[in-house]
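**Q** Construct all of the structure, not just a fragment, from the sequences and the given hints.
Protein sequence lines correspond, in order, to chains A and B.
Throughout the first sequence, residue numbering follows the working numbering, covering 1 to 347 in sequence.
Throughout the second sequence, residue numbering follows the working numbering, covering 1001 to 1446 in sequence.
Hints were generated in silico from the structure; no laboratory data involved.
Idealized CB from N, CA, C, for every residue including glycine.
Heads up, some of the hints might be wrong.
[Stated by the list, open to error] Derived pair list, reagent style BS3-like, types lysine-lysine, alpha-carbon separation capped at 30 Å:
1) K1408/B <-> K228/A
2) K1349/B <-> K60/A
3) K290/A <-> K82/A
[Claimed, not checked] Quick partial rundown of chain B residues pointing at chain A, CB under 10 Å, derived from the structure:
4) R1077
5) P1084
6) W1095
7) L1394
8) F1395
9) S1405
10) K1408
11) L1439
12) L1443
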Amino acid sequence: MKNMTKTLFIAMIALCGMVFSQVPASAAESTLKTVQDRGYLNCIIGNSFVGFYTVDKTGKWSGMDIDICRSVAAAVFGDKDKVKFNSVQWAQSFTSIKSGAGDLLSKGMTWTLSRDTSQGLDFLETYFYDGQGFMVRKDSGIKSALELKGATVCVLTGTSSELNLTDFNRTHNLKMTPVVFDDSGVRNTAFFNNNCDVMTNDRSGLAAARSTAPNPDDYFVLPETISKEALSFAVRQNDSAWANVVKWTFNVLLEAEELGINSQNVDEIRKTSTNPVVKRLLGVEGDLNKGLGLPADWAYQVIKQVGNYAELYDRNLGPDTALALDRAGTLNELWTNGGLLYSKSFR
Amino acid sequence: MGNQSISKPELLEFIPKPSRLPAVPVDGFIGRLKKHLFSNIWNTLLTVSVFTLLFMLIKPFLDWAIFDAVWSASNRRECLNASPDGACWPGVIQWFNGLIYGRYPNDQQWRINLGFGLGILWLVPLAFKRVEQKILIALSAITLFPFLANFLFLGGSDNQFNYIVACVGLAYLLILYINIGLIYLDRKILGEYLEPLIGRFYQRRAALLGRLLCWLTVTVLLAFLFQNLTLLLVEVDSWGGLFLTLIISGFSIVMALPIGILLALGRRSHMPVFRWLSICTIELVRSVPLITVLFMSVTMLPLFFPNTMELNKLVQVLVAVCVFAGAYMAETVRGGLQGIPPGQFEAAKSVGLGYWYTMAFIILPQALRAMIPNIVTSFISLFKDTTLVSIIGLFDIMLMARNISIDKNWLGLHTEPLIAISILFFIFCYSMSQYSHRLEKKLKNK
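**A** Structure follows, in structure tokens:
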């Protein structure tokens, strides 16, 4: 009996040792290789966020982040459906990337310094520029955020919106009272039932909320934008090969829009174009794919299967969607139209 | 006694009290109303005020949910235009399939129906009077059915072992039903027909071998019959809705009892290793909220495993919920064990029964019977607790309901789905509690 206890004890220690010794074994191989071997991409998203990732009644995902993930899958495998979406809670998103459960994090996350430096992530590109705003009832007569002195504000707890609100409060000495919620649906209902004077959120979120109001025309989004919310995607830290693939896939979306290539005309242009830039991009000429370790037609597949940035925007956020966000005049225009989206050179 | 004076008490005469008037017979509905609700002025006042209050509370709800509600529309805006103060049910109706089956592909949903149908068929014989060896049926349902269900729900073709066990299970079910038919026709059951054949070669245990041989034959037949059947692989990621809720709660309810019994016995054991391991498990798990256990299993576990190893989220959740439920069940069972008088243990010992026999045939049947209400209470709360998995991103019925409010046609519709699933939950939980009442009554007569 005593012998058995001893053996058991040693076995347990050995087991613990085995389990814990495997922790640092991960960093050696590039994610690109892992993804190619696995045969599909693991994309980390959240539970749901209108316009960015939502599931419909047949279980299909759609949204801006979904399309970003699909375009990476199209670049790597030539098939936009070789991607698995893992929806995780906010706190889990960082560990999922660190543990390797996810290859790409694209869940409408704001690029901030602390997240970039202390969470083991590398943020790569911004695909949507947002900022925090305020929504009020029209009959309140308020025309500017600076008139909000003493107002009660509906806000989601634990978000950067709450922190920004505190900052704004302090800067302008407005003495606003936050009313916190942890569910956006409940917050919206509270606001529409006059439980608070103002609602604050990212402007895209405000647009979504406004469209659910019993009468959207009763509400009005104030002109001030009080924060910078650069929604960006990220990968695991220190993995350049993989980061390049993801980053340049996104640049394909921008470059294609700039060159006027979309999913409808890409076949035509690929055959007929004489423009060397287009030829290089679509893999007709040159060997841009070599450095990335992708097939020659990677960019063609992205454009053919997912589209260019304008198509993504119109499909998920544009005027015909629930969010109905106008793109013209915002930061989310191409640089040629005065926006911030600027593709690096395909050379 | 001798010295005491003996005084004769005076005899009392019995004077009967006048008998009470016969109770005025209360006749009919009106009579009863009068007696119970309007017997005097205060009762009348109370009745009227209570009914007014009830009316004031329920009327707005009924107005909202039924009378002002919209029953057909193609999006929420249409609902709001038709009746801004009424419920908007079409969203729930259109998503109903999603609420039940989650993100399971539409054309494959028959597999879920078939699986649950087979599961129910498996348990139905337990209610028949003339069926014997019910424990065996229950055990087979617990051990074999999961494989059959896994084969049906998951599909795919690369798991040979699972396919064979599924065939074994299906064969068992088939034989069970044929035998039930034969028993009710007063014929011999299937295995007995093979008995003389086997008896020729091997006399001992011919009955048992006959049954096993029959089982084996049917299994092989089934395995050949279905060998070309390939079901489309449906990844666990797309399981969801009530289906997933039932899988998680069903599995953990089934597993909680054995885990709980083992932990409870371990805690009362005299062997220090087992006792302390049980105590540690129970106390550690019980002093942490379920959501923490879930987060631990989903977020922390992958950190301990190599990168390449893909952990199935559902398996992680099942393990976490089973351990959690087991720890609570252990304390319930221990309560039952402590209620058994020591005489029972001593009696069992004096008859010469060992530890396991004492537990299995003397102590546990009594302890579990006494604890039925508590056990069912923890089952019900476990069933409801499984909605927490929606927080870690499993598309159970709760998350599907919340997704309705994010669908672009039904943006902001979040009250109606919650009411709909509350009704579903009520149906399930109430039937569980009714079943436990019936079970209690049935076992009391024994």
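**Q** Take the C-alpha atoms of K1349/B and K60/A, compute the straight-line distance between them, and say whether it is at most 30 Å.
**A** violated, 63 Å
**Q** Classify the hint on R1077/B as holds or violated, based on whether any CB of chain A lies nearer than 10 Å to its CB.
**A** With Cβ-Cβ at 9 Å, under 10 Å, it holds.
**Q** Under 10 Å is the threshold here; is the Cβ of L1394/B close enough to any Cβ of chain A for the hint to stand?
**A** L1394/B check passes; min Cβ-Cβ to chain A is 9 Å, inside 10 Å.
**Q** Double-check P1084/B for me: the hint is only fine if its C-beta lies closer than 10 Å to a C-beta in chain A.
**A** Hint holds; P1084/B Cβ to chain A Cβ min 5 Å, cut 10 Å.
**Q** Holds or violated: K290/A with K82/A, Cα cutoff 30 Å?
**A** It holds: about 22 Å lies between the C-alpha atoms, which stays within 30 Å.
**Q** Quick check on the hint: W1095/B CB to chain A CB, less than 10 Å?
**A** Hint on W1095/B: holds, closest Cβ of chain A at ~5 Å, below 10 Å.
**Q** With chain A as the partner, please determine if S1405/B meets the hint condition of a C-beta pair closer than 10 Å.
**A** holds, 5 Å
**Q** Given K1408/B as an interface hint, is its Cβ closer than 10 Å to any Cβ of chain A?
**A** At 4 Å from the nearest chain A Cβ, K1408/B passes the 10 Å test, so the hint holds.
**Q** Using the nearest Cβ pair, does L1443/B come within less than 10 Å of chain A?
**A** violated, 40 Å
**Q** F1395/B was flagged as interface toward chain A. Is the shortest Cβ-Cβ separation under 10 Å?
**A** holds, 7 Å
**Q** Between K1408/B and K228/A, is the straight-line Cα distance small enough, at 30 Å or below?
**A** holds, 26 Å
**Q** Is the hint on L1439/B kept, meaning its closest Cβ partner in chain A is under 10 Å away?
**A** violated, 38 Å
Checked against the numbered hints given earlier, this structure breaks hints 2, 11, 12; the rest are met.
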